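Q: Spelled out, the chains give:
Protein chains: 2
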Amino acid sequence: MDAAILAIGSEMLTPQRVDTNSLYITGHLNARGVEVLFKLVVGDNRDHLVQALDYALRRVDLIFVSGGLGPTEDDLTRDAVAMVCNRQLLFSQEICGWIEQRFARMNRTMAEVNKRQAYVVEGAHVLPNERGTAPGQWVEHEGRHIVLLPGPPHELKAMFQQQCLPRLDTLLPEQVIRTRFYRVAGMGESDLDQLIAPVYNKYTNPATTILAAAGDIQIHLRARCRNEAQAEALLAEVGDPIEALLGDRVYSHNGDSLEATVGRMLHDRGMTIAVAESCTGGMLGEKITSVPGSSGYFAGGFLTYSYAAKQRLLGIDADFLNTHKAVSEPVAKAMAEAARHKTGADIAVSVTGVAGPSQGGESEPVGSIFVAVASDQGCHARHVQFAGDRHRIRALACQIALDAVRRQLLRQYSSK
Amino acid sequence: MDAAILAIGSEMLTPQRVDTNSLYITGHLNARGVEVLFKLVVGDNRDHLVQALDYALRRVDLIFVSGGLGPTEDDLTRDAVAMVCNRQLLFSQEICGWIEQRFARMNRTMAEVNKRQAYVVEGAHVLPNERGTAPGQWVEHEGRHIVLLPGPPHELKAMFQQQCLPRLDTLLPEQVIRTRFYRVAGMGESDLDQLIAPVYNKYTNPATTILAAAGDIQIHLRARCRNEAQAEALLAEVGDPIEALLGDRVYSHNGDSLEATVGRMLHDRGMTIAVAESCTGGMLGEKITSVPGSSGYFAGGFLTYSYAAKQRLLGIDADFLNTHKAVSEPVAKAMAEAARHKTGADIAVSVTGVAGPSQGGESEPVGSIFVAVASDQGCHARHVQFAGDRHRIRALACQIALDAVRRQLLRQYSSK
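In order, the protein sequence lines correspond to chains R and X. Read left to right, the first sequence gives residues 1126 to 1541 (this note's numbering). Read left to right, the second sequence gives residues 1126 to 1541 (this note's numbering).
One or more of the hints may lead you astray.
[As the list claims (entries may be wrong)] DMTMM-like mimics (lysine to aspartate or glutamate), calculated; alpha carbons at most 20 Å apart, straight line:
#: 1; chain 1: X; residue 1: 1450; chain 2: X; residue 2: 1487
#: 2; chain 1: R; residue 1: 1240; chain 2: R; residue 2: 1265
#: 3; chain 1: R; residue 1: 1327; chain 2: X; residue 2: 1198
#: 4; chain 1: X; residue 1: 1467; chain 2: R; residue 2: 1442
#: 5; chain 1: R; residue 1: 1240; chain 2: R; residue 2: 1219
#: 6; chain 1: X; residue 1: 1282; chain 2: X; residue 2: 1160
#: 7; chain 1: X; residue 1: 1240; chain 2: R; residue 2: 1316
#: 8; chain 1: R; residue 1: 1467; chain 2: X; residue 2: 1442
#: 9; chain 1: R; residue 1: 1327; chain 2: X; residue 2: 1237
#: 10; chain 1: X; residue 1: 1282; chain 2: R; residue 2: 1514
[Claimed, not checked] Here are the simulated distance ranges between beta carbons:
#: 11; chain 1: X; residue 1: 1302; chain 2: R; residue 2: 1353; range: 55 to 63 Å
#: 12; chain 1: R; residue 1: 1486; chain 2: X; residue 2: 1267; range: 18 to 26 Å
#: 13; chain 1: R; residue 1: 1213; chain 2: X; residue 2: 1126; range: 36 to 44 Å
#: 14; chain 1: R; residue 1: 1238; chain 2: X; residue 2: 1149; range: 33 to 41 Å
#: 15; chain 1: X; residue 1: 1313; chain 2: R; residue 2: 1143; range: 20 to 28 Å
#: 16; chain 1: R; residue 1: 1256; chain 2: X; residue 2: 1322; range: 27 to 35 Å
#: 17; chain 1: X; residue 1: 1490; chain 2: R; residue 2: 1353; range: 43 to 51 Å
#: 18; chain 1: R; residue 1: 1319; chain 2: X; residue 2: 1535; range: 18 to 26 Å
#: 19; chain 1: X; residue 1: 1322; chain 2: R; residue 2: 1516; range: 44 to 52 Å
#: 20; chain 1: X; residue 1: 1338; chain 2: R; residue 2: 1282; range: 24 to 32 Å
#: 21; chain 1: R; residue 1: 1440; chain 2: X; residue 2: 1504; range: 24 to 32 Å
#: 22; chain 1: X; residue 1: 1225; chain 2: R; residue 2: 1282; range: 28 to 36 Å
[Said to hold, decoys possible] Looking from chain R toward chain X, a few residues come up when the C-beta cut is under 7 Å (computed):
#: 23; residue: 1298
#: 24; residue: 1301
#: 25; residue: 1350
#: 26; residue: 1512
If you are wondering where the hints come from, they were derived from the structure by calculation, not from laboratory data. No experiment lies behind these values; they were computed from the predicted model shown. Positions of the beta carbon are idealized from the N, C-alpha and C atoms, including for glycine.
Okay, chain R solo, but in the shape it has when bound (with noise of 0.2 Å):
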């Protein structure tokens, strides 16, 4: 079974909502074994309803609406739902009296409007509302299905866990879908793709997905089988041989970040862990100390984005930083060392390098980035050159650095 979501409402349509009730369906769906083939947000407009209605029931067996249940003159999917149908909207007394009740309770006297809500579709479902006055409604149509659902989180929530969740496994055949999730640093979008394609390319099942952000690439994937055994060879029949290609790049399997891999490493290890930036300027100690917990291996960092705090701060000798320059290998192993001398961290990593958008006094051109890692197996140093904005550098160092820093931990616990 395939499933598709609509959204109504015109402030979906704004630049300041998305749609996130879809990101809750979908979740339960795909733990069932449905897909969601599409969504859709549509405002309040009847024939952009109906367009859409239609659109979809040529599409899907399973279509979930949420919004247009209110009370207004603008809420609408309950008319455009009969209409899609050929059916009539009958009004029922017992809602009315249900709503009736709920205002009651709240020491409230019904409003009129709230009359609209009492009308089904003819034949359909009523799907009782806990958390509000718009109930919802389950319509079968030409052996499709169309779930009308309130708009508001909470209320479409709790309907969906309690009514449609048990009506939905009584119409799906038996099935599973496991997943497995690889997190790649130090590699890009493309090179990555050209190793691992021809692996994946030839299975559409499991399905592979793969999303990339500045220096850091998530790999998906997905397979639907009759049972577990089924699904986890499959997997096994795919992921096995890209993990053998991607060996060490792959950092995390479980989705954690790059930060938060490190910081689980230090911790088990029992170690401290000090920073020294200079282009990034604090966000490498942002994202490490992002992860909660961090206080418990964070030893402290430095921002020396000038010559005169890589002197004062850190205690770089002048002549030295002027014959090697600031974007230096040189220099970023100086900082790295006095970073962990000063705080008496185990490991420290240094950055620096030209964010941009000008070369500022640096000999080296924009994008150039050094980092460096002092532990107590000696001090390391890698240069690489970036392409972007000032911010996409400076997110790629902090990878490539928190990358450097996994590596020589991944060194020091095989070596001991």
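Take the given structure of chain R and dock chain X to it, following the hints.
A: Same frame as chain R, now just chain X:
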């Protein structure tokens, strides 16, 4: 003219991801009087994409399609648009050259798969991509316009701003649009709205939009008129009383961020700034140095998340720390003063607080934040209590710290 937005990508049909590009696009379209009639999210599937494009082509004049322009097999937007318009896809040697040059600038060789990105829908106008490899395309088809944009937001936004808006403006009927823009720090959204709603409520032209982020509110006034004088008169009628009510809480009239505003003030006064961060862990430094040219006034910073770091890096006395606890006014002041002294900066700002999710060893509740500003006018501290998750509390703390610096700079300036 009416528009529709199609977001392409199977990841946006998972429970984890929503399309946000459409919000950005909608903002700019609305500002030009173009309404978005519907939004469609479709997976990486050629048939579904063709059907969605066909649906949109029958209903609106302008179709913005984001995503599916990457180099991999599941990037199908080019193919689908060619198919629905009944045109060929032609290989462009020129675009292939651009992509190769982009890789060369990063000292990399273009992967073979990237050649897919050099295919253009017959007759399309190519939109260069400054920030990525996928060029956009603007296709005219039977009086309608299909605009293909890359999925990554930073690529899409740059392309939309530079390439699409000028083309769009040539299509739209002549009218004058004039705007006023305020950014406000240190007020909640509902407090602000309660204050200024009585002014703007009576007007639909200018249209007032209020956008709230953590500790930062933007107010847009937008007048659409036949001529400039009418538009400016309307803006003054609504904007002047709003400015009078908000006073010095308005930190920017031109859209500059708080960190850019503070940076400009420091630059104009020839002053330098230092930071000492506890719970924000680098976020404040990152914000200050996100502004190009900040190397001219950022004197450096200390990330002192732990008690030990406050002692070692800032020289704060252990007894003093244990007496007052790290989240306290005296420690906030000691941090700011030490940062100023150790860097030699004219002004220093500190943040200490409980970002959560747990209280750690502190006696203050989650969300309790102290900021202090030290200058040659002495040291002033401020306490605030925020609600929200870890990220929000840290972001709010940075806004309060920056706003405290701004107010101190305003005072020093006016007293001289």
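Q: Let me make sure I understand: some of the numbered hints might not hold for this structure. Which ones are they, in numerical order?
A: 2, 12, 18, 19, 22, 23, 24 and 25
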